[in-house]
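Number of protein chains: 2
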Amino acid sequence: MVIAEELAKKQRAISIAQFFEKNKQILGFDSLQKSLIMAVKESVDNSLDACEEAEILPEIEVVLKNLGKDEYYLSVEDNGPGIIRKEIPKIFGQFLYGSKFFSMQQARGQQGIGISAVVLYSQITSGKPITVTSKTKESDVAYQIKMFIDTKENRAAIVSEDVIIVSKEHGLKIEFYMKGKYVKGKQSIIEYLKNSAIVNPYAKIKFTDPDGSVIIFDRVTDKIPVPPKETKPHPMGLEVGDILELAKNTKHKTLTSFLSGEFSKVSNKIAVEICTMTKLDPGMDPSALKLVDAKNILESFKQTKLLPPSSESLSPIGENLIKKGLKNVLGSYKPSFYAIPVSRKPAIYHGNVFIVEAGMVYGGDLPKEEQVSIMRFANKVPLLYQAGACAITKAVSDMDWRKYGFEQKSGAGIPSGPAIVLVHVASTKVPFTSESKEAIAEVPEIIDEIKLALRDLARQIRTFLTKKEIKAKLSEKFFLVQEILPQIALKSANILNKPVPKLEPIITQIMNVVWIDEDIEESKDTVKVTVRVSNFTAEEKKFKLYADLPEGKVLEGSVDSDCKIDSENDSIEWEISIKSLEQKVLKFTLSNVISGTYKESTYYVEGINPVYVVGAEPLPGDWNIEDLKAIIADDNEMEEDENDEL
Amino acid sequence: MVIAEELAKKQRAISIAQFFEKNKQILGFDSLQKSLIMAVKESVDNSLDACEEAEILPEIEVVLKNLGKDEYYLSVEDNGPGIIRKEIPKIFGQFLYGSKFFSMQQARGQQGIGISAVVLYSQITSGKPITVTSKTKESDVAYQIKMFIDTKENRAAIVSEDVIIVSKEHGLKIEFYMKGKYVKGKQSIIEYLKNSAIVNPYAKIKFTDPDGSVIIFDRVTDKIPVPPKETKPHPMGLEVGDILELAKNTKHKTLTSFLSGEFSKVSNKIAVEICTMTKLDPGMDPSALKLVDAKNILESFKQTKLLPPSSESLSPIGENLIKKGLKNVLGSYKPSFYAIPVSRKPAIYHGNVFIVEAGMVYGGDLPKEEQVSIMRFANKVPLLYQAGACAITKAVSDMDWRKYGFEQKSGAGIPSGPAIVLVHVASTKVPFTSESKEAIAEVPEIIDEIKLALRDLARQIRTFLTKKEIKAKLSEKFFLVQEILPQIALKSANILNKPVPKLEPIITQIMNVVWIDEDIEESKDTVKVTVRVSNFTAEEKKFKLYADLPEGKVLEGSVDSDCKIDSENDSIEWEISIKSLEQKVLKFTLSNVISGTYKESTYYVEGINPVYVVGAEPLPGDWNIEDLKAIIADDNEMEEDENDEL
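Chains as they are written, first to last, in my numbering: chain L, 1 to 646; chain Z, 1 to 646.
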């Protein structure tokens, strides 16, 4: 028997760098093609973070050269603030060194691991040092450092250092040698850069591929987004150990200042309230808190009316860019329906605030038989790998999509259908499943939020499909009364040599609806809409018609005179008065619409029984409950099913 | 503009413990139910490793109590060697402390992270210390230590320490308080323990669940597997940086002793050969190796005839336990076909040896419409989470299963069909995607090996299905000639008052085959097989019949006297001489068969044209190529398709 003493002799500690040296795959470096993508991604994400923090419009240049076989040279250069001399060895040569561990604000990098991982992979596979060239505004010269990582010590091993003169005012250039494999397609450097460029439209990224071809992703706006503000942990979702840890390390000297100073949304008043509830001395030293105190504080946080977290610390993608992101992957497919992107309210997991945004397109030439495509983003970084381990995929797979018109075997798994869905999770701390930051962990709070966003999108798709179905059925009738009936009447009359009979009673009997449809004409970013309202009932109808339009689109120009523009609610209102078998033509124009994204308007009617209307919904809250019973009953049923799901 | 100096002020280093404190999800603690499973898993895996290393038959007791709401108490106690006093704080209180970083032998734990992760999660969610009680054989007393992790310093913070007297000779007990949620089902503590018990059949595991119910997974063998031996990295798949790192840290003083001492399968002779090829001085100090030298050494490794890696450092599950593992999840489904488990030869990724084992069952009452179930194991540990990120799932999804009789949309993704597949990857270093060890990274070499194993299994399924089809067609004929024809003949003869006509010529004309089938009778672990050979041809036939039987099954008892047992090839041979329309009955018995797993024998014939035989295959290499052309041509085509896949 091997004895405990002997076993003990084998025990030893290793550095985090040695751990990663033996576990490159945890950092995402598990195949040649993926390793190249990771190297570009970590470098470019860092450049974007640095520029954003320094409020500089990013200009990033990526050059990739094949040196024969599977050896590559990679350089990434930016116009960011640069890094001061003494920080360079630590930032590139030390794992778990960084600026964002405790900052609680949305950033691409969070861990102090990514770029050191590239350095490590580079030195393992090429045996060559990396070169960092940095120029800050404050310094007259640039520093050029060649270095390895000393993995045993988890620190930089500097090979050489030079002072050089460069023309640019500030910026950083990193050069690596590494093994790799350059590929194109769904999981590729170009795909990563393209999707990055979309959600960072103020960045200019130039990429020279190994063939020497240059691809430029130009900026489309000069507006740098408002940098997210730092925040404190929100008490929601914190554990007793977190409270004790914070109390142990705080600089605050009293319990009240600790509570109001270390937590988000805890005012001084609330802090005092909590002291009263827990019967703790407001002036006590927080580091003296005992386990039971911390438990009581947690409990009273729950009973206090805390404001929900604010989203100041976050920087969402926004509706426009979500649509654009979807459009980018569409290729020549022309979806017939763009769901209105959903942006959920800020939510909390374990004290960290997060927001879920999602968009979806449907139909057109998108492949009907294939699985729905899922585009994943976390803190504005596209996620290309480990889809199967991601909370986003999990949320999609857990929903029963069949009731929304999708094919899905036994109501679980990724559904099939002509659709693409995009989900972005923005957080002060995205809970990645590993240091390679490829998938979001299946944190229940996050999955729930994603599901709620998806459900909203899926409902829009269902409404669209239902409308389409109703319209298809009525179109047959429409064709009959508009085209066939008059011809039959005319011919019959001619043959019988009698006057053409009055068709109105027949038409109105067959149709018995007010028919509303529209034509959309697009030129550049302008959309002209022509609305036709036809009264196929036997009586004159008087009602109000509303067009509900996309938020923030300026309504301009040739809107008909007999209407009101309500720019606050982004809608147009018409007073319609229309005789039996009469037709009215209405027009309006939208501007600043992304080409190809505006597919149809939503219309509401008020003051008319909605069962007589095709092409518009009853204005919510308008029609009395009796008439809408059937619709509502049906919808409630669905609603319940859906609530069961969560 | 924020300047570089200001940004630099935010930079700081954190400890690995602080990193994990902020990233519990990386350690697998991302939901309440999963956290409880992780805690049990890490503790039990450690106990199994310790017992195995000390060559002790493991007895492990797990107790889980619900303390109200979502608070739990967990204790895990084993009869292992225990841990000596001074190692306890490091093993439980320090991340990246362990015995297996450099050992290169198969083990469940590898990282020096898992158990500290449980301690960290416990203290965050309960605020309470853990209790470790350890008794080693060498010490008269047991030590009981209560401790936290000081995350800032990544070291233990001891709360109290006691010396106590215990009755057992050696063993370890760990006690935790933590938040959790106890569930049953596919991803549960019971599921993990059950599957662990199957692949570790020499362990006894007792589990007391929160209701107080006791579940015992008793040992089924007293044989401890041969402990895997330590090995060195195999030169295959190493990078130039690895060579340089090894050379820098080696204790060897000359290049030849370095090469033969630090690498697996590099003899002194090969080391000298490599020095000659690279024109390096055999006596040189290896730490003086330059980049170009390391590159040349790598190159000459490739040109040298190195032996493939040995599997001494590995401990596979084995055919028997794979079958048992599959049987365990079968419930009341009775699959109609058990594929013979596949054990691949040792292979290499990045210097680490690994083996892929796989098994599969098919048909019976297994659900036809659902996705094929995949059971994953890594170093004898069942993997319950992150299936979507795992190389095993990837390999299954990448194969086109349609040609093997499965349903699979567009030939990719997890196929649907009545089957369960089990895959085990054993390695001196399993490349997990994260520290939570839930999924194997998609390392190309590993995926290829899994695919080859799966292909072998899938082919067995295809053969089974083809046989079934042929038999079904012939069964109709068989029924006709055996049942219907004699009756018709008899009745016709009676009516016509004539003698019953001779049916032989008609029967042989219709059938024209030698029909071989069997009955299987099972009692306990013994299987009695009765083989019927019926000659439905017009002529006497003489040929050899072989039964190809499972490896290592003792053949005993009532085997017919006119046969030979070839225990080396695990087969029985009969000399058959059978007249037209005669039937022969043969019998044999197998022992040590796991109940329910033996479904049918494989028969081969020699000395007869196989087109006349139903129920047996031609002995490979026996029949001349012309007669088998069709079969082979068809198979080759498939083969090529399959090779394209890899």
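Each hint should be verified, as a subset may be incorrect.
Identical chains share a label here; the pair holds if one copy fits it or two copies do between them.
As the list claims (entries may be wrong) - Straight-line distance between alpha carbons at most 30 angstroms, and here's what the computed DSBU-like set of lysine-lysine pairs gives:
id: 1; residue 1: Lys467; residue 2: Lys152
id: 2; residue 1: Lys403; residue 2: Lys471
id: 3; residue 1: Lys10; residue 2: Lys168
id: 4; residue 1: Lys327; residue 2: Lys409
id: 5; residue 1: Lys467; residue 2: Lys90
id: 6; residue 1: Lys295; residue 2: Lys334
id: 7; residue 1: Lys152; residue 2: Lys86
id: 8; residue 1: Lys146; residue 2: Lys542
id: 9; residue 1: Lys295; residue 2: Lys90
id: 10; residue 1: Lys128; residue 2: Lys248
id: 11; residue 1: Lys152; residue 2: Lys10
id: 12; residue 1: Lys584; residue 2: Lys265
id: 13; residue 1: Lys69; residue 2: Lys394
id: 14; residue 1: Lys251; residue 2: Lys599
id: 15; residue 1: Lys324; residue 2: Lys579
id: 16; residue 1: Lys146; residue 2: Lys403
id: 17; residue 1: Lys265; residue 2: Lys544
id: 18; residue 1: Lys137; residue 2: Lys251
id: 19; residue 1: Lys128; residue 2: Lys251
id: 20; residue 1: Lys206; residue 2: Lys541
id: 21; residue 1: Lys206; residue 2: Lys265
id: 22; residue 1: Lys524; residue 2: Lys290
In case anyone wonders, no lab produced these hints; they're calculated from the structure.
**Asked** Which numbered conditions among the earlier hints are violated in the structure presented, ordered from lowest to highest?
**Response** 1, 5, 6, 8, 12, 14, 15, 16, 17, 18, 20, 21 and 22
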